[in-house]
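Residue strings, one per chain:
There are 2 protein chains.
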Amino acid sequence: MSFHNLHRLNASEALQLIRDDRISVEQYAKSLLNRIQERDDQVQAWAYLDPELVLSQARSLDSIPKEQRGPLHGLAVGVKDIMYTKDMPTEHNSPIYRSSFVQIDASPVMTLRKAGALIFGKTTTTEFASITVGSKTHNPHDYGRTPGGSSSGSGAAVADMQVPFALGTQTAGSIIRPGSFNGIFGFKPTWGAISREGVRFCSINLDTVGFYARSVQDLQLIADVFRLSDDEDPEPFTVRGAKFALCKTKVWPQAGPGTVQAMEKATELLRSAGAEVEELVLPEEFNKMQDLHAFMMGGDVRVAFLGEYTVAKDSLDDFMVRQVENASKMTRRDQLNALDTIASLRPKIDTIAGTYAAILTPSSPDEAPEGLGSTGSAVFNTMWTALHVPAINIPGFSGGNGLPVGLTLIAPRYKDRYLLNVSEEVGKIFKEGGWASRL
Amino acid sequence: MSFHNLHRLNASEALQLIRDDRISVEQYAKSLLNRIQERDDQVQAWAYLDPELVLSQARSLDSIPKEQRGPLHGLAVGVKDIMYTKDMPTEHNSPIYRSSFVQIDASPVMTLRKAGALIFGKTTTTEFASITVGSKTHNPHDYGRTPGGSSSGSGAAVADMQVPFALGTQTAGSIIRPGSFNGIFGFKPTWGAISREGVRFCSINLDTVGFYARSVQDLQLIADVFRLSDDEDPEPFTVRGAKFALCKTKVWPQAGPGTVQAMEKATELLRSAGAEVEELVLPEEFNKMQDLHAFMMGGDVRVAFLGEYTVAKDSLDDFMVRQVENASKMTRRDQLNALDTIASLRPKIDTIAGTYAAILTPSSPDEAPEGLGSTGSAVFNTMWTALHVPAINIPGFSGGNGLPVGLTLIAPRYKDRYLLNVSEEVGKIFKEGGWASRL
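Residue numbers (the UniProt record's numbering), protein chains in the order written: chain A, 1 to 439; chain B, 1 to 439.
Simulated from the structure, these hints should not be mistaken for laboratory data. Certain hints may be false.
Because identical chains cannot be distinguished in the list, a pair is counted as satisfied if it fits within a single copy or across any two copies.
Simulated pairs of lysine-lysine, DSSO-like, Cα-Cα distance not exceeding 30 Å [what the hints assert, rightly or not]: (1) Lys265 - Lys431; (2) Lys428 - Lys288; (3) Lys250 - Lys428; (4) Lys265 - Lys348; (5) Lys66 - Lys288; (6) Lys243 - Lys265; (7) Lys114 - Lys313; (8) Lys348 - Lys86; (9) Lys313 - Lys66; (10) Lys348 - Lys288; (11) Lys114 - Lys243; (12) Lys248 - Lys428; (13) Lys86 - Lys313; (14) Lys329 - Lys114.
Given the structure is predicted, the values throughout are model-derived calculations rather than measurements.
Extracted from the complex, chain A is given alone in its bound form (with noise of 0.2 Å):
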């Protein structure tokens, strides 16, 4: 592979020749960074990047003595401009964190730092990762269009290959849906699993810090890192014999035409597989999950800006005015239904999640919509965010208009590594599902 073409390359790859010796880090930042520079007038996938620092810091990694070296050497990672960096301002895209700068490394990038990742830059959000408006990133397959949110710039930077990584956040839907839009793997681990230091909380109850990558080798790699681990070890996985849960979900009705299409081709390449397809309808105490959702965010959001809103409301958007102000007049008595209903569900989501391989189910309602105006619906993801349950955004599948549509798999909480197992076999047979990335 010529130096040219390094940005193209997995993290694994990429990892794998500098083991070798046969490119550095240096060289490898620099394929990255050239990509950028072509790209970026049309992606704008980055809050902050100082191509400078990149290189020093790649030089820095390339002097480390090989048998100092950590397992991710090298690989860059776009973080979240949520989460706090040593080297460079965090600006939560705020009026009122305007060059902000917090010198020191959120968790989740001082394990990854420590393990030898290149923190390349800070990848956009909407504002505080909390709203759906207000992104300034174009998704990489058609600018026309949204990268999704509010990780949009982690999305669209690892589709974009611009990063092999990236670190995301989802309180509603924003790991997976712009996994969906963008067409690669988002990785949105169990609720806890992974710390949250340093990263700016918009839900307390609902926030969970969560990955980016092109491959589910790949994350493996990170899910080493942050030593996930379930119970047991899994097994590899095989399709053969397996049993998936089908499951619409209560807004079904609110999937577009490719969606359906992902759904309907997946059962049938599973079957293909060797694998069981069957539908699950869930009970019905699970149907007001939307509403419980929305009444837990509301509840934690009204706490988490009070302080922007006393020092600095007119700079703050007006969803979380009117969350601080309990605009819809919300009453504890429905915030804590929200919370214990939830909470009581969360193990019975185990129990009926543990009897397939894995749930699947939409990851959003269709490709990603047309304009930047917004980053669309959250609508299939907000009930397995509140569930805690880990999900995973698989590509492969397509829309009307020839742009990435992925699909969720589920698993029951700290069966995480299971899921990834399960995620690597089913990523490769989704692969026939009509899409692939031309970038």
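Fit chain B to the supplied structure of chain A, relying on the hints for placement.
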């Protein structure tokens, strides 16, 4: 009152004098600084205190036109040193963060500062507010004893009249216990009611921000600023005719004579005031709360310190190292069982507590133990922390050495304002409990 004794004023009293132009914020601040100068060799409540910064802030507050002043104008607040302050370092009592300076305000600090509070300095904590050893602070009532922890400096500083207010956090018993040992009010609101943005994580499921003051009236001022609200604005509370639950809990055998006598005396005082007091034995399903709390905390600490563990394991207390390494081999099954069981008990304790005026329960096994080797036991606090209910330490009783012993009042979640109203009246009655500060 002489200017030399301004430090003795409760917050509400100082506020009135400042509002009436009888004292300036600078005069008030000087009195507190004098107090600290006299006492700091013995008490050592501060991790960071810059008198020049305090006085320049005080003068800035004095220069604000009256009509633009906030509701806490000029009131000094100590900030536990795990919360970011834009003008002071935040060290977490960790060698890893020696001289670390994050130049933003944690959300609670932001809210208080905007309300006109004088952000006075950083109060001592045990390492990351996560352990029971290593605070340098002495109990102001007996220098040979601990002030409790982890909010050691906040508890001691308020008791010693070095500041009228301080911020604390509780993960096990870190607000209530220092409240009891120092003879002051310590208020842990409903979990989630105060933002933890910019407050170091120990346990995402347990950490709760709260407050110290020397009167409930002062806590009401704080509660207003943080917009704590119940579904119904509570009426002023009347003890006569009210029914209290006396809840000794399963760990009652760990109560020493000071706490046993405090519970007896409290019962007697409440009955004399016309209240009913009946013993409450919680249903058996609450009996495992100590273990469940430990599992919940263990799972969270494991994640919270992975970053520091990877970069500086040798500088991390062994407790955190063992959790990150999961030395106890806790399973995910145990961890999830703790999360789900505790969650299922929260609405149940709400219902139980709701049938009483409040639940009265121990705050600590006894008066503060001797020595600074340990900040004491949180055994009487952990259950209530995990249940997310508001809790408040009411001082008034005394142990065998004449040191303070407090008791806890508990109300259902999001009955914070109601609980403050109850506490205001109960606090008056407990003043006859046999202890009064000699400071």
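Now for the hints, and whether the structure bears them out:
| no. | hint | result |
| --- | --- | --- |
| 1 | Lys265 - Lys431 | within (11 Å within a copy, 73 Å between copies) |
| 2 | Lys428 - Lys288 | neither (34 Å within a copy, 46 Å between copies) |
| 3 | Lys250 - Lys428 | within (29 Å within a copy, 54 Å between copies) |
| 4 | Lys265 - Lys348 | within (29 Å within a copy, 46 Å between copies) |
| 5 | Lys66 - Lys288 | neither (54 Å within a copy, 50 Å between copies) |
| 6 | Lys243 - Lys265 | within (16 Å within a copy, 64 Å between copies) |
| 7 | Lys114 - Lys313 | between (38 Å within a copy, 12 Å between copies) |
| 8 | Lys348 - Lys86 | neither (41 Å within a copy, 44 Å between copies) |
| 9 | Lys313 - Lys66 | between (51 Å within a copy, 21 Å between copies) |
| 10 | Lys348 - Lys288 | both (15 Å within a copy, 22 Å between copies) |
| 11 | Lys114 - Lys243 | neither (40 Å within a copy, 57 Å between copies) |
| 12 | Lys248 - Lys428 | within (22 Å within a copy, 59 Å between copies) |
| 13 | Lys86 - Lys313 | both (28 Å within a copy, 19 Å between copies) |
| 14 | Lys329 - Lys114 | between (46 Å within a copy, 25 Å between copies) |
Of the numbered hints stated above, those contradicted by the structure are hints 2, 5, 8, 11, listed in ascending order.
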